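S.K.: Residue strings, one per chain:
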Amino acid sequence: MQITLKLYAALTPFLPAGAHNNQLDVEVSQGMTVGGLLDAYGVPRRLCHLVMHNGFHIPPDKRDARVLSDGDAVAAWPPIAGG
Amino acid sequence: MAWAGKLLRVDLTAGTCKSEPLNMKWAQDYLGQRGLATKYLVEEIDPKVDPLSPKNKLIMATGPLTGTSASTAGRYSVITKGALTGAIACSNSGGFFGNEMKNAGWDMIIFEGKSEKPVYLMLENDDARLMDAAEFWGTSVWDTEEGIKHKHGDPMIRVASIGVSGEKGVKFACVVNDMHRAAGRSGVGTVMGSKNLKAVAIRGTKGVKVKDPKRFLGASTAAKKVLADNAVTGQGLPAMGTQVLMNVINETGALPTRNHRDSQFAGANDIGAEAMQKVRETDGKTNLVTNAACFGCTIACGRISQIDRTHFSVLERPQYHGASGGLEYEAAWALGAATGVNDLEALTFANFVCNEQGIDPITFGATLGAAMELFEDGVITEKQTGMSLKFGDAKALCEMALLTGKGEGFGAEIGLGSKLLTEKYGRPELSMGVKGQEFPAYDGRGIQGIGLAYATSNRGACHLRGYTIASEVFGIPVKTDPLESDGKPALVKAFQDATAAVDSSGLCVFTTFAWTLEDFAPQIDAACEGEWTAERLLQVGERIWNLERTFNNAAGFTAADDNLPQRLLKDAAKTGPATGKVNELSKMLPEYYQLRGWTAEGVPTNETMSRLGL
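Top line first, the protein sequences correspond to chains A and B.
Using numbering that gives the first Met the number 0, read the first sequence as starting at 0 and increasing by one per residue.
Using numbering that gives the first Met the number 0, read the second sequence as starting at 0 and increasing by one per residue.
Just so you know, the hints here were simulated from the structure itself, not pulled from any lab data.
Being a predicted model, the structure only gives us computed values, none of them experimental.
Each hint should be verified, as a subset may be incorrect.
Estimated spans, in silico, between C-beta atoms of each pair [claimed, not checked]:
| no. | chain 1 | residue 1 | chain 2 | residue 2 | range |
| --- | --- | --- | --- | --- | --- |
| 1 | B | Ala-553 | A | Ala-64 | 52 to 60 angstroms |
| 2 | A | Lys-61 | B | Pro-476 | 18 to 26 angstroms |
| 3 | A | Lys-61 | B | Glu-407 | 49 to 57 angstroms |
| 4 | B | Ala-553 | A | Phe-55 | 39 to 47 angstroms |
Not the full set, but computed from the structure, chain A residues with beta-carbon under 8 angstroms of chain B [what the hints assert, rightly or not]:
| no. | residue |
| --- | --- |
| 5 | Tyr-7 |
| 6 | Ala-8 |
| 7 | Thr-11 |
| 8 | Pro-12 |
| 9 | Asn-21 |
| 10 | Val-25 |
| 11 | Met-51 |
| 12 | Asn-53 |
| 13 | Phe-55 |
| 14 | His-56 |
| 15 | Pro-59 |
| 16 | Gly-70 |
| 17 | Trp-76 |
| 18 | Pro-77 |
Cβ atoms here follow ideal geometry from the backbone N, Cα and C, with glycine treated the same way.
All chains, please: the whole structure from these sequences, using the hints.
M.R.: As structure tokens, then:
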């Protein structure tokens, strides 16, 4: 199934080749989780402060339990703030 | 003590400058800057006064820690009755001007009356003089600052001034210092212009004393380590700036787009922090040149940018080729998503112009978005505007920035702000704001708490009066669900009270991404007379909030003004996580009043007033 992986700010370097506008559609197997996807692309968990699944915040202790569906989006940021 | 202990009272009508001792009883109750200056304003003006009347006053105020060695100790605020809103106005700025004012030996400057002709205040330590500003009237902020430094032969002079917009009565004119730092919101520059006061120029060399230097050094050093060790203030903000939020808020489904018709913007990634660091194909350079820090700041979130010289906006305008103040998130949102423009260089140009002529980019962009909706609905045409004003038109954005900055053409109508503009054309429901001031960059449908914070903000819609985004999106200090309204009244109140105290200290609110009031208190306690704890600071903040509220109530505002536009209350978000949601203000507001100790009509009860010593 296809998932849109979005990595921003200091996580940008972990994007796979071919990414455009900080995102890339990637093929993953059924049952893949949010945490598993980030692991698969070598994104260090300690840097993943803000992680969203289809725009919904997923706290660290829920990332390995949140299973992805075809067409979903996962976005991640290191610690950030602003205003 | 960290207070200088005196204020300068400038009677512009009489042309006099007099020193007065600072009211130290009030300093103990209101700390400084926002709180203390609001106390002076409330005591000295009629809340119903016309903001542009000579009877309104304008105060520039530092905090007790301004000019000290604490991190971010360069802040000052401009306090007045706002030209845009008619409510209490307090706009906070960084840069170096506040430090210079404190080093000249002044806690605040109170301007009253109106000068017969344009003047500027020249303040060199104790020596205060009103000078003829005829040669600077009609010139930009940038030319005024350069001109004053050249005239006095001193490049170290710090200048805060208005641009042509403030002279022309644009309702959202800023006071800009150090070329691109601004007391930006609510039209404080418009009030300054109405007094024929073009600029304030300061050179201060006295230094700032603190109560217990050794303890203060220890406390401020420890607090700096907290900032350095924190991933947000130590790494995230200096590297990416506030602009990192563009994609975050868009993903959250709360990026107001095209005058809040939508809450996600397809062009978000074209105008955010990542885009500013992308190498351009045209010249091999990036929009972002470097980050920058205000006086004493160890975070350095500021952006310095350079526009692509092949971009249409600057092809015939070499004066904009140099590096200058770049896009911060709120400005980029207003100039971009609110207008549907995804051209980063055009946004940067419009931002430069806002700095150059001293206009608030948030209200400018939001008002242009409202005008674009009027245009697309056929309510206004090129007959009025002089050009096509469709959403997404980068050239219209640039031209309207130039016109509004000078109060010319249709720019004079944009200069009314969205409330008066949309009322003029019979579509007041298209003004996206509260109490006459436009929303900043978060949609209250997708982030419930910020909607309540907007509705109850004392200076009109504002994110900086209670930045619940920290909790609702970033998880600072704890994560709350942005789509949930339960618990948000208490969250909003806590943020509002704490922020009022921070805004009165002389330090920057951005430190609160790492610090709590427990980090502020030891620094203030070591610097200032009196015993300062986190609990006391929170009470000072609550006192300030209620003082501002009583001013607004006396000015004629009521609970009916604690409201949001129907678009946020009736038109559900169409995409993203907030799909189907509106803001649940009617549920949150009664609980908020109750927590505040206010009546159902939004009036502080006698018991609340008494408890806070008001």
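S.K.: Does each hint hold? Answer for all of them.
M.R.: Hint check:
For B/Ala-553 and A/Ala-64, the Cβ-Cβ distance of about 54 angstroms falls inside the hinted range of 52 to 60 angstroms, so the restraint holds. Checking the proposed 18 to 26 angstroms range against A/Lys-61 and B/Pro-476 shows it holds: the Cβ atoms sit about 20 angstroms from each other. In this structure, A/Lys-61 and B/Glu-407 meet the distance hint of 49 to 57 angstroms, their C-beta atoms being roughly 55 angstroms apart. Between B/Ala-553 and A/Phe-55, the C-beta spacing of about 44 angstroms keeps the proposed range 39 to 47 angstroms intact.
Interface restraint check: A/Tyr-7 against chain B, minimum CB-CB distance 5 angstroms, threshold 8 angstroms, status holds. The closest approach between the C-beta of A/Ala-8 and any C-beta of chain B is roughly 5 angstroms, which is under the 8 angstroms cut-off, so the hint is satisfied. For A/Thr-11, the interface hint holds, the least distance from its beta-carbon to any beta-carbon of chain B being 6 angstroms, beneath 8 angstroms. With a cut of 8 angstroms, the hint placing A/Pro-12 at the interface with chain B is violated, because the nearest CB-to-CB distance is about 12 angstroms.
Because the closest C-beta pair between A/Asn-21 and chain B is about 6 angstroms apart, less than 8 angstroms, the hint holds. For A/Val-25, the interface hint is violated, the least distance from its beta-carbon to any beta-carbon of chain B being 17 angstroms, above 8 angstroms. The closest approach between the C-beta of A/Met-51 and any C-beta of chain B is roughly 5 angstroms, which is under the 8 angstroms cut-off, so the hint is satisfied. Proximity of A/Asn-53 to chain B holds as hinted, the smallest CB-CB distance being about 7 angstroms (cut-off 8 angstroms).
A cut of 8 angstroms between beta carbons decides the hint on A/Phe-55: the least distance to chain B is about 5 angstroms, and the hint holds. For A/His-56, the suggested interface contact is upheld, since its CB lies about 7 angstroms from the closest CB of chain B, less than 8 angstroms. Using the Cβ-Cβ criterion of 8 angstroms, the hint placing A/Pro-59 at the interface with chain B is not satisfied: the shortest such distance is roughly 10 angstroms. With a cut of 8 angstroms, the hint placing A/Gly-70 at the interface with chain B is violated, because the nearest CB-to-CB distance is about 14 angstroms.
Using the Cβ-Cβ criterion of 8 angstroms, the hint placing A/Trp-76 at the interface with chain B is satisfied: the shortest such distance is roughly 6 angstroms. The interface hint given for A/Pro-77 is met, as the beta carbon of that residue sits about 6 angstroms from the closest beta carbon of chain B, less than 8 angstroms.
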